[in-house]
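Line order of the protein sequences matches chains A and B. Using my numbering, the first residue of the first sequence is number 81, and each one after it goes up by one. Using my numbering, the first residue of the second sequence is number 483, and each one after it goes up by one.
It should be emphasised that the hints constitute simulated quantities derived from the structure, not laboratory data. Keep in mind that a hint or two might mislead.
Quick list of simulated restraints, FRET-style, between CB atoms [unchecked claim]:
no., chain 1, residue 1, chain 2, residue 2, range
1, A, Gln-619, B, Asp-633, 25 to 31 Å
2, A, Ala-217, B, His-553, 21 to 27 Å
3, B, Gly-549, A, Ala-603, 43 to 49 Å
4, B, Ala-578, A, Ala-311, 33 to 39 Å
5, A, Asn-275, B, His-530, 36 to 42 Å
6, B, Asp-633, A, Ala-306, 19 to 25 Å
7, A, Pro-536, B, Asp-633, 50 to 56 Å
8, A, Asp-161, B, Arg-604, 37 to 43 Å
9, B, Gln-523, A, Asn-275, 17 to 23 Å
10, A, Asp-688, B, His-553, 29 to 35 Å
With a cut-off of at most 27 Å between alpha-carbon atoms, the simulated DSSO-like pairs for lysine-lysine come out as follows [as the list claims (entries may be wrong)]:
no., chain 1, residue 1, chain 2, residue 2
11, A, Lys-252, B, Lys-550
12, A, Lys-239, B, Lys-607
13, B, Lys-558, A, Lys-314
14, B, Lys-550, A, Lys-239
15, A, Lys-586, B, Lys-550
16, B, Lys-558, A, Lys-252
In this text, all values refer to a predicted model and were calculated from it rather than measured experimentally. C-beta atoms are modelled at their ideal positions from N, C-alpha and C, and glycine is treated no differently.
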Amino acid sequence: MRLGARATLLIAWLLALAGLGWTVSQRLKISTDLRSFMPAPTTPDQRLLMEQVGEGPGSRLLLLSIGRGTGPSVAGVGPSDEQLAALSQGLVAALKKDPRYSQTLNGSFDLGALDAGLLPYRYLLSPTLDMQPLDEAYLADQLQQRLDDLSSPAASLLKGLLPRDPTLEMLKLAELWTPAKSPELREGVWFSPQNEALLLVQTVAAGFDPGAQQQAIDGIQRAFHALPGSAGAKLELSGPGYFSVVVGAQTRHQADWIGRISTVGFIALLLLAYRSFSSLLLSALPIASAALAGIAALTVAFSEVHGITLAFGFTLLGVAQEYPIRVLSHRRAGEDAVQSVRALWPLLLTAIASACIAYLAFYASGVNGLKQLAVFTIVGLLVAGFSTRYLLPHLLPRRVRDVADMRWLARARVFVDRLPRPRWIPLLVAAAIVLMLAVAPRPFWQNNLAALTPLPQDLLQHDARLREALGAPDVRYLLVLQAPTEEGVLALSEKLQPLVDTLVAKHAVDALELPSRYLPTVARQRARQQRLPDPATLQKTLNEALQGLPFRPDLFQPFLDDVRAARALPPLTPERYAQTPLGQRLAAMLVQRDGHWLGLGTVSGVHDVAALQALGENSNGTVRLLDLKAASESLVADYRTRILQALLIAAVLLVLTITFALRSLRRAWHVLAPMTLATFLVLAAERVAGVEISLFHLVALILAGGLGLHYALFFERDTGDPAEQRRTLHATIVCVLSALLVFGMLAWATIPVLRAIGLTVSLGVAFHFCLSILMAPHASED
Amino acid sequence: MIAALGQPAPAHTAFAEARFLQVLERPLVVSGELSWLGGDQLQRRVDHPQQETATIAHGEVTQQRAGKSPHHFSLKRAPQLQVLLDSFVALLSGDAGRLQQAFEIRQAGDAAGAWTLTLVPRDAKVVKTVASITIDGYARESRCMHMQEADGDLAIDLLGALATKMPAQPTREALQALCQGTP
Chain A
81 MRLGARATLL
91 IAWLLALAGL
101 GWTVSQRLKI
111 STDLRSFMPA
121 PTTPDQRLLM
131 EQVGEGPGSR
141 LLLLSIGRGT
151 GPSVAGVGPS
161 DEQLAALSQG
171 LVAALKKDPR
181 YSQTLNGSFD
191 LGALDAGLLP
201 YRYLLSPTLD
211 MQPLDEAYLA
221 DQLQQRLDDL
231 SSPAASLLKG
241 LLPRDPTLEM
251 LKLAELWTPA
261 KSPELREGVW
271 FSPQNEALLL
281 VQTVAAGFDP
291 GAQQQAIDGI
301 QRAFHALPGS
311 AGAKLELSGP
321 GYFSVVVGAQ
331 TRHQADWIGR
341 ISTVGFIALL
351 LLAYRSFSSL
361 LLSALPIASA
371 ALAGIAALTV
381 AFSEVHGITL
391 AFGFTLLGVA
401 QEYPIRVLSH
411 RRAGEDAVQS
421 VRALWPLLLT
431 AIASACIAYL
441 AFYASGVNGL
451 KQLAVFTIVG
461 LLVAGFSTRY
471 LLPHLLPRRV
481 RDVADMRWLA
491 RARVFVDRLP
501 RPRWIPLLVA
511 AAIVLMLAVA
521 PRPFWQNNLA
531 ALTPLPQDLL
541 QHDARLREAL
551 GAPDVRYLLV
561 LQAPTEEGVL
571 ALSEKLQPLV
581 DTLVAKHAVD
591 ALELPSRYLP
601 TVARQRARQQ
611 RLPDPATLQK
621 TLNEALQGLP
631 FRPDLFQPFL
641 DDVRAARALP
651 PLTPERYAQT
661 PLGQRLAAML
671 VQRDGHWLGL
681 GTVSGVHDVA
691 ALQALGENSN
701 GTVRLLDLKA
711 ASESLVADYR
721 TRILQALLIA
731 AVLLVLTITF
741 ALRSLRRAWH
751 VLAPMTLATF
761 LVLAAERVAG
771 VEISLFHLVA
781 LILAGGLGLH
791 YALFFERDTG
801 DPAEQRRTLH
811 ATIVCVLSAL
821 LVFGMLAWAT
831 IPVLRAIGLT
841 VSLGVAFHFC
851 LSILMAPHAS
861 ED
Chain B
483 MIAALGQPAP
493 AHTAFAEARF
503 LQVLERPLVV
513 SGELSWLGGD
523 QLQRRVDHPQ
533 QETATIAHGE
543 VTQQRAGKSP
553 HHFSLKRAPQ
563 LQVLLDSFVA
573 LLSGDAGRLQ
583 QAFEIRQAGD
593 AAGAWTLTLV
603 PRDAKVVKTV
613 ASITIDGYAR
623 ESRCMHMQEA
633 DGDLAIDLLG
643 ALATKMPAQP
653 TREALQALCQ
663 GTP
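Only chain A is shown next, with the shape it has when bound in the complex (with noise of 0.2 Å):
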């Protein structure tokens, strides 16, 4: 090809990847949610899990605490209590204004919390009339305490509630609706032992959402840095979502700071391979296609794409980078690129239509995060292949070292050559593989995805302290009631809170919120309304409950007033509830799926799970004790199921594709057996080293088997030609050493996850390396 038809297939090129990035940054939409990664939930629990992690109301909980700086400011001069309480107070403020928290709370006794307009509703509300008609000695009872607190210094506490409110329904209520423990109270707003001031704040968004999350929180920092005097405070977070931020953010960090280093390595290597830049620039472009079509694709696809997905996806996309590595070693002293890529090619496309049909596995799974990621990995092997076929050898420098002719290749060969090949390698491998498999302690799998991803133990330290100190209710435990209707889940939740009551008192739990906690029934605020005197009656009930006390006799207008509102009013509903605070969170505990309500009950320091699961018993399934630990890993487990049966798929669709392309069951044995053995190799080794296998060591052991396939395929390749051969032993060494370098570098990673990928992939080209080796067919036998 002429220079100036190179340059412009070059642009051309060039224009189309700018291009199809443009498209793809501008459709892209990434969902970090958890939940739309993980396959379709089975069990009524794992549904449940589905829905609430993230959506529960423990789960979008987070904890604050605002101490004292550690800034350089003069030892012991920090904050005062005053200080840091008017921030607490200022934060309160800021975010009960934001549409993106739900609750906010900071200990401040809060008249608000009911809307003015709803105020008649505390008698509906309260359980004050559940024991209590108004009646004349109650008022009279009540009134004389008002008068007792009207002389005592907290008497402008109350001047203004009183002409409304003599029975302080409205205290009442508050008291109901703190926190069954709460911490101690100074300046008015809640306190650590630790002289921190703690608040609580609900998020709208999903727990598990990080994206979400992050923004929430940063939304938290930026109105707490906004307040006047935050500058010598410190602001710090805790809870499910702040983790899963922290957790994203360190694995990204350390992933990155891993990768800058073995890219560095990965060109170093490439350079010394090929000593030509022009040539390594241009390989990467077959890769780049891959990356950004795969996700091109994605968008079109689907509305959503998973980060989970692009992340497992670019590490399966590590094979593609064979292609151009393989058309780079095959280049012959003064022969054309494309010539060398044509007599590379039926390996190539064998190799790339194995994995494509292997993958489409995945596609079938049906689980939506495992489509995504067959779509992904298919249309980016397709667009490296193809471009590395059609497109780079037109650009390739024309003259280029061929590396048939170094010298320590062709004694590496001849090394390899004469390496001793007995048929029984793969007997005994095998042999080994069962006896590793059989002797690796249990359990075989890790169903935690939590545990990939620890968290530093000083946050979990002040996350269980401020959980404690704030009595904030526990992620891991839900209490769901059933019913098809609202009404039914609170009549439900009514009917619980006795036995709740007695849980309570026998320490089986520190706390257990319920939703009938927040609103009634109808039929118990009915009830209650049926016991709210006529005015006239409670005029004169009035009249004689005052006798002999010096209240102002028109003082309690308001009182009659409301009375005579709350009588008439509709029953308080969820919806018209909805509006207010207090409506938020209740609505965070009540949800609706297919057809019928679930009431869902925060559990706090749980020391008994037997007496909480008994509160399900004889209640035919209307109520049940969620684990969500245990919902999350049978989730998990049920996610490998799928797995497992694509990967099964996978290997049959790969065997025939195989035998098909060498058109020999012999030479397709030569390629496969290596392949699988060095796959199980790789499973046993981790087995025995007392690894728990997770979802991410199954996707990395993909790659490697797409690697090693790679490899058995190459070697297994009769030309005829040494100098061939020796190309090919030089394609698959850079191709082993670049895969070492990038995993192996992974491998060290203190992450697990990361350590997990890099592990096993680094393991899996270890052994397929050796193994497709060992067990090629000798070069003399044919």
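Since chain A is already given, all that's left is putting chain B on it; use the hints.
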């Protein structure tokens, strides 16, 4: 003059209080003992008509009524108590500086005879509840404290020996006369 009023802690003084509240037709009368326990700790014990003790310590108020569990709240929420603490402790400790810090002070009369101190809280939040405090005294003794609330309510405390002179049906005028009379 203020320095001359100082006493060593703990200092106790009897009080009788009449509260003229808009929500009431007649004033509310209570009596008991006020104690300065040193530092920022003040106790207001009511003996009649109901036993009740309010203790201020470390910015928190603990209210204890006979037969009930104690009730805690922040001093911030009870500006009257804040004012009481500021004025009472400053007067009993003879700490003019502290009084200056919390209040604008007007003084009338004669340090050796009858005198009147008018205190207006400097804190903008407090002054919304407590408009002013007036203390009547004679020589080295405080005799009366008037707490004028911003909403028009008024509390008059007769202190020390005068506490026993609280009439059964007090009026503002009668108490005013008592306070300004000579012992």
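Hint check:
Range check, Gln-619/A to Asp-633/B: Cβ separation about 27 Å, and the 25 to 31 Å hint holds. Take Ala-217/A and His-553/B: their Cβ atoms lie about 24 Å apart, and the range 21 to 27 Å holds. Range check, Gly-549/B to Ala-603/A: about 36 Å between beta-carbon atoms, so the 43 to 49 Å window is missed. Distance hint check: the CB atoms of Ala-578/B and Ala-311/A are about 35 Å apart, consistent with the given range 33 to 39 Å.
Look at Asn-275/A against His-530/B: about 40 Å separates their beta carbons, and that is inside 36 to 42 Å. Separation of Asp-633/B from Ala-306/A is about 34 Å and departs from the stated range, judged on CB atoms against 19 to 25 Å. For the hinted restraint 50 to 56 Å between Pro-536/A and Asp-633/B, the CB-CB distance of approximately 54 Å keeps it satisfied. Checked against the hint of 37 to 43 Å, the pair Asp-161/A and Arg-604/B fails, with Cβ atoms roughly 21 Å apart.
Between Gln-523/B and Asn-275/A the C-beta distance comes to about 20 Å, which sits within the given range of 17 to 23 Å. Judged by the Cβ atoms, the range 29 to 35 Å given for Asp-688/A and His-553/B holds: they are separated by roughly 32 Å. Annotation: proposed proximity of Lys-252/A to Lys-550/B holds, straight-line Cα distance about 16 Å (limit 27 Å). Distance check on the hinted pair: Lys-239/A and Lys-607/B sit about 17 Å apart at the alpha-carbon level, within 27 Å; holds.
Note on Lys-558/B and Lys-314/A: the hinted pairing holds, with a Cα-Cα distance of about 23 Å set against a maximum of 27 Å. In summary, the hint linking Lys-550/B to Lys-239/A is supported, as the alpha carbons are separated by about 21 Å, within the 27 Å threshold. Proximity of Lys-586/A to Lys-550/B is assessed by CA-CA distance (about 24 Å); at most 27 Å being required, the pair is judged to hold. Taken as a hint, the Lys-558/B and Lys-252/A pair is honoured in the structure, with Cα atoms around 21 Å apart against an allowance of 27 Å.
In summary, the structure is inconsistent with hints 3, 6 and 8 from the numbered list given earlier, while agreeing with the others.
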